[in-house]
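What follows is each chain in one-letter form.
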Amino acid sequence: MSVTSVISEIKKDFIYNLLLKGERIDGRAFDEYREISIQRDVIRKAEGSALVKIGSSQVLVGIKMQPGEPFPDTPNKGVIITNAELVPLASPSFEPGPPNEVGIELARVVDRGVRESKAVDLEALCIVPGKQVWIIFIDVHILDDCGNLIDAASLGAIAALLSTKVPAARFGLGEDYVLPIRDIPIATTAIEFNDVLMFDPGVDEEAIANTRLTIISTAQGNICGSQKSGAGMLKPEQIYRIIDIACEKAKEIREKFLEA
Amino acid sequence: MIVMDESDISFFKDGLRLDGRRADQLRPVKIEVGVLARADGSCYIEMGGNKVIAAVYGPREVHPRHLQEATRAIVRYRYNMASFSVEDRKRPGPDRRSQELSKVSREALEPVILTNFFPRSVIDVFIEVLQADAGTRTAGINAAAVALADAGIPMKSMISSCAAGKVADTIVLDPMKEEDNFGQADLPIAMTPSGDITLLQMDGDLTRDEFKKAVEMAMLGAKNIYELQRAALVKKYSQMAEQPAREDVIVRD
Chain A
36 MSVTSVISEI
46 KKDFIYNLLL
56 KGERIDGRAF
66 DEYREISIQR
76 DVIRKAEGSA
86 LVKIGSSQVL
96 VGIKMQPGEP
106 FPDTPNKGVI
116 ITNAELVPLA
126 SPSFEPGPPN
136 EVGIELARVV
146 DRGVRESKAV
156 DLEALCIVPG
166 KQVWIIFIDV
176 HILDDCGNLI
186 DAASLGAIAA
196 LLSTKVPAAR
206 FGLGEDYVLP
216 IRDIPIATTA
226 IEFNDVLMFD
236 PGVDEEAIAN
246 TRLTIISTAQ
256 GNICGSQKSG
266 AGMLKPEQIY
276 RIIDIACEKA
286 KEIREKFLEA
Chain B
354 MIVMDESDIS
364 FFKDGLRLDG
374 RRADQLRPVK
384 IEVGVLARAD
394 GSCYIEMGGN
404 KVIAAVYGPR
414 EVHPRHLQEA
424 TRAIVRYRYN
434 MASFSVEDRK
444 RPGPDRRSQE
454 LSKVSREALE
464 PVILTNFFPR
474 SVIDVFIEVL
484 QADAGTRTAG
494 INAAAVALAD
504 AGIPMKSMIS
514 SCAAGKVADT
524 IVLDPMKEED
534 NFGQADLPIA
544 MTPSGDITLL
554 QMDGDLTRDE
564 FKKAVEMAML
574 GAKNIYELQR
584 AALVKKYSQM
594 AEQPAREDVI
604 VRD
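The listed protein sequences correspond, in order, to chains A and B.
Residues in the first sequence are numbered consecutively from 36, following the numbering used here.
Residues in the second sequence are numbered consecutively from 354, following the numbering used here.
Bound-form chain A, shown alone:
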């Protein structure tokens, strides 16, 4: 079925009873992230790359670029193509084969952040209008799924883009140059369980929650994308609460890791 992990009823009860006491299984506050680390330029063959860890979750994002044809409706803009692979080494519930709906959703939410924030100046990626533009492939490789892959993958994507060099020389198009990045979108995700909102859910917390809400915010503090996922309900007030905390958390993460 889906990649929701198997969790025993006993463990569910345990998490639930802790929640009632206002605690999380790893002792974090409800709005506290696990430790985040970002290593850039980990893959020499890629135009840009980043290995992101949030707690024990590990995501590797690689950027490849090549010249190609623009879309007919945007003849002077570069193209972004985002893919996510939930490779079976990352979780007992991932299976080989074409991406399932969870992988597709992950890729599309990562893509939404990069695209809607206009982080990449696509017009700067035009080589010959209508004929040739740069195509950016953002490939997300999940290495270890310990929860909150959306935030880790989104962080990996923007971190990798920030370290990307356009490989112009390799294609005889002049000298390599740094990919111009105009914004730093950050995705922050919370789950709702019994009216408790928990940010950066671990894999067991994800398994007990029905609903997850991702808010992607820009450096300006605006919201450029969001996605509710999971068969549950949210009250408008819960959504607004998540937004307010999400924008603050995103700011912290952006300032600490990506604005240097």
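I should point out that these hints are in silico values taken from the structure, not numbers from a laboratory.
These figures come from a predicted structure and were not determined experimentally.
Honestly, I wouldn't trust all of these hints.
Think about it this way: if two alpha-carbon atoms lie no more than 25 Å apart in a straight line, the pair counts; the simulated SDA-like pairs of lysine to any residue are [what the hints assert, rightly or not]:
{"id": "1", "chain 1": "B", "residue 1": "Lys443", "chain 2": "A", "residue 2": "Gln273"}
{"id": "2", "chain 1": "A", "residue 1": "Lys270", "chain 2": "B", "residue 2": "Lys404"}
{"id": "3", "chain 1": "A", "residue 1": "Lys47", "chain 2": "B", "residue 2": "Asp448"}
{"id": "4", "chain 1": "B", "residue 1": "Lys565", "chain 2": "A", "residue 2": "Glu287"}
{"id": "5", "chain 1": "A", "residue 1": "Lys112", "chain 2": "B", "residue 2": "Leu379"}
{"id": "6", "chain 1": "A", "residue 1": "Lys112", "chain 2": "B", "residue 2": "Glu440"}
{"id": "7", "chain 1": "A", "residue 1": "Lys270", "chain 2": "B", "residue 2": "Glu569"}
{"id": "8", "chain 1": "B", "residue 1": "Lys509", "chain 2": "A", "residue 2": "Phe106"}
{"id": "9", "chain 1": "A", "residue 1": "Lys46", "chain 2": "B", "residue 2": "Arg425"}
{"id": "10", "chain 1": "A", "residue 1": "Lys153", "chain 2": "B", "residue 2": "Phe535"}
{"id": "11", "chain 1": "A", "residue 1": "Lys153", "chain 2": "B", "residue 2": "Gln537"}
{"id": "12", "chain 1": "B", "residue 1": "Lys565", "chain 2": "A", "residue 2": "Glu283"}
{"id": "13", "chain 1": "A", "residue 1": "Lys286", "chain 2": "B", "residue 2": "Ser363"}
{"id": "14", "chain 1": "B", "residue 1": "Lys566", "chain 2": "A", "residue 2": "Lys112"}
{"id": "15", "chain 1": "A", "residue 1": "Lys153", "chain 2": "B", "residue 2": "Asp448"}
{"id": "16", "chain 1": "A", "residue 1": "Lys88", "chain 2": "A", "residue 2": "Pro131"}
{"id": "17", "chain 1": "A", "residue 1": "Lys270", "chain 2": "B", "residue 2": "Leu379"}
{"id": "18", "chain 1": "B", "residue 1": "Lys443", "chain 2": "A", "residue 2": "Gly165"}
{"id": "19", "chain 1": "A", "residue 1": "Lys46", "chain 2": "A", "residue 2": "Cys181"}
{"id": "20", "chain 1": "A", "residue 1": "Lys99", "chain 2": "A", "residue 2": "Asp174"}
{"id": "21", "chain 1": "A", "residue 1": "Lys270", "chain 2": "B", "residue 2": "Glu440"}
{"id": "22", "chain 1": "A", "residue 1": "Lys153", "chain 2": "B", "residue 2": "Thr424"}
{"id": "23", "chain 1": "B", "residue 1": "Lys566", "chain 2": "A", "residue 2": "Cys181"}
{"id": "24", "chain 1": "B", "residue 1": "Lys565", "chain 2": "A", "residue 2": "Glu272"}
{"id": "25", "chain 1": "B", "residue 1": "Lys566", "chain 2": "A", "residue 2": "Ala254"}
{"id": "26", "chain 1": "B", "residue 1": "Lys404", "chain 2": "B", "residue 2": "Asp441"}
{"id": "27", "chain 1": "B", "residue 1": "Lys509", "chain 2": "A", "residue 2": "Ala266"}
{"id": "28", "chain 1": "A", "residue 1": "Lys153", "chain 2": "B", "residue 2": "Lys404"}
{"id": "29", "chain 1": "B", "residue 1": "Lys566", "chain 2": "A", "residue 2": "Pro271"}
{"id": "30", "chain 1": "A", "residue 1": "Lys47", "chain 2": "B", "residue 2": "Leu467"}
{"id": "31", "chain 1": "B", "residue 1": "Lys530", "chain 2": "A", "residue 2": "Asn257"}
{"id": "32", "chain 1": "B", "residue 1": "Lys509", "chain 2": "B", "residue 2": "Glu580"}
{"id": "33", "chain 1": "A", "residue 1": "Lys270", "chain 2": "B", "residue 2": "Glu580"}
Stretch by stretch, here's where chain A covers chain B in the computed footprint (C-beta under 8 Å, at least three residues) [said to hold, decoys possible]:
{"id": "34", "segment": "457-464"}
{"id": "35", "segment": "551-559"}
{"id": "36", "segment": "567-573"}
Glycine is no exception: its CB is placed at the ideal position from the N, C-alpha and C atoms.
Got chain A; can you put chain B on it based on the hints?
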């Protein structure tokens, strides 16, 4: 192909939108219940230029069988666009967009379906978008919810769906194609009549306040749609109630 961008379009004329609507006005909606003979439940909906048909089959046996759940029915939702539903022919079959929409739409309906009544079975919802004009996912969910009710699937409540958008720095209800393509944001929601939100997506650029305003406006739109869904169901089933009852119907306690 004519290439346009935001600057080429003026979205408002004398305070009204391109199609003469106010900012907080829905496009015309038409809902018909029970339009397909073979399906257990069905619904045809028009929302502005969108024409969408929904069919529900089940609860029925699950194939392949390993998908069965011992304690509840599974719900499957297939959003599919006809190749001729859009300007440039869409390649038939599922693409990534339609798979994501299928997932979030299913998750928008599942919370109200009493799946625990039907262990080991499946409830299949099929959506065909015949004509697309921005807002096909919301039209699909609206049609699906009515088709589920028409199929007699026990539900805690109806689900109604509507989008809000932002064009020329104004929050508008139920964006049409031009507003969606060249606007600044799109925010579809689905909810129960009591205001529990079961679908929320957004792309574009909104401040926190605009986001809240868009959610509130979309909720008002969904409330209006709920009344229309309800009226369409009442219309079909009040007509049926006037016909003499069949004697072979077994009523269980």
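Checked hints:
1. B/Lys443 - A/Gln273: With a Cα-Cα distance of about 38 Å, the restraint between lysine 443 of chain B and glutamine 273 of chain A is violated, given a limit of 25 Å.
2. A/Lys270 - B/Lys404: violated (30 Å)
3. A/Lys47 - B/Asp448: With a Cα-Cα distance of about 35 Å, the restraint between lysine 47 of chain A and aspartate 448 of chain B is violated, given a limit of 25 Å.
4. B/Lys565 - A/Glu287: holds (22 Å)
5. A/Lys112 - B/Leu379: Violated, at roughly 34 Å.
6. A/Lys112 - B/Glu440: holds (21 Å)
7. A/Lys270 - B/Glu569: Holds. Lysine 270 of chain A to glutamate 569 of chain B sits at ~12 Å (cutoff 25 Å).
8. B/Lys509 - A/Phe106: Distance ~45 Å between lysine 509 of chain B and phenylalanine 106 of chain A Cα, so the pair is violated.
9. A/Lys46 - B/Arg425: holds (21 Å)
10. A/Lys153 - B/Phe535: Satisfied, since the Cα-Cα distance of roughly 15 Å is no more than 25 Å.
11. A/Lys153 - B/Gln537: holds (12 Å)
12. B/Lys565 - A/Glu283: Measuring from Cα to Cα gives roughly 17 Å; hence the hint holds.
13. A/Lys286 - B/Ser363: violated (34 Å)
14. B/Lys566 - A/Lys112: violated (32 Å)
15. A/Lys153 - B/Asp448: Holds. Lysine 153 of chain A to aspartate 448 of chain B sits at ~24 Å (cutoff 25 Å).
16. A/Lys88 - A/Pro131: holds (23 Å)
17. A/Lys270 - B/Leu379: holds (23 Å)
18. B/Lys443 - A/Gly165: Status holds; Cα separation ~21 Å.
19. A/Lys46 - A/Cys181: The hint holds at about 16 Å.
20. A/Lys99 - A/Asp174: holds (8 Å)
21. A/Lys270 - B/Glu440: violated (37 Å)
22. A/Lys153 - B/Thr424: Given that 25 Å is the threshold and the Cα spacing comes to 45 Å, the pair is violated.
23. B/Lys566 - A/Cys181: With a Cα-Cα distance of about 35 Å, the restraint between lysine 566 of chain B and cysteine 181 of chain A is violated, given a limit of 25 Å.
24. B/Lys565 - A/Glu272: holds (10 Å)
25. B/Lys566 - A/Ala254: holds (21 Å)
26. B/Lys404 - B/Asp441: holds (17 Å)
27. B/Lys509 - A/Ala266: holds (14 Å)
28. A/Lys153 - B/Lys404: violated (32 Å)
29. B/Lys566 - A/Pro271: Given that 25 Å is the threshold and the Cα spacing comes to 11 Å, the pair holds.
30. A/Lys47 - B/Leu467: holds (22 Å)
31. B/Lys530 - A/Asn257: Cα-Cα ~24 Å, so holds.
32. B/Lys509 - B/Glu580: holds (16 Å)
33. A/Lys270 - B/Glu580: Holds, at roughly 21 Å.
34. 457-464: Result for this restraint: holds, n = 5.
35. 551-559: holds (count 9)
36. 567-573: holds (count 3)
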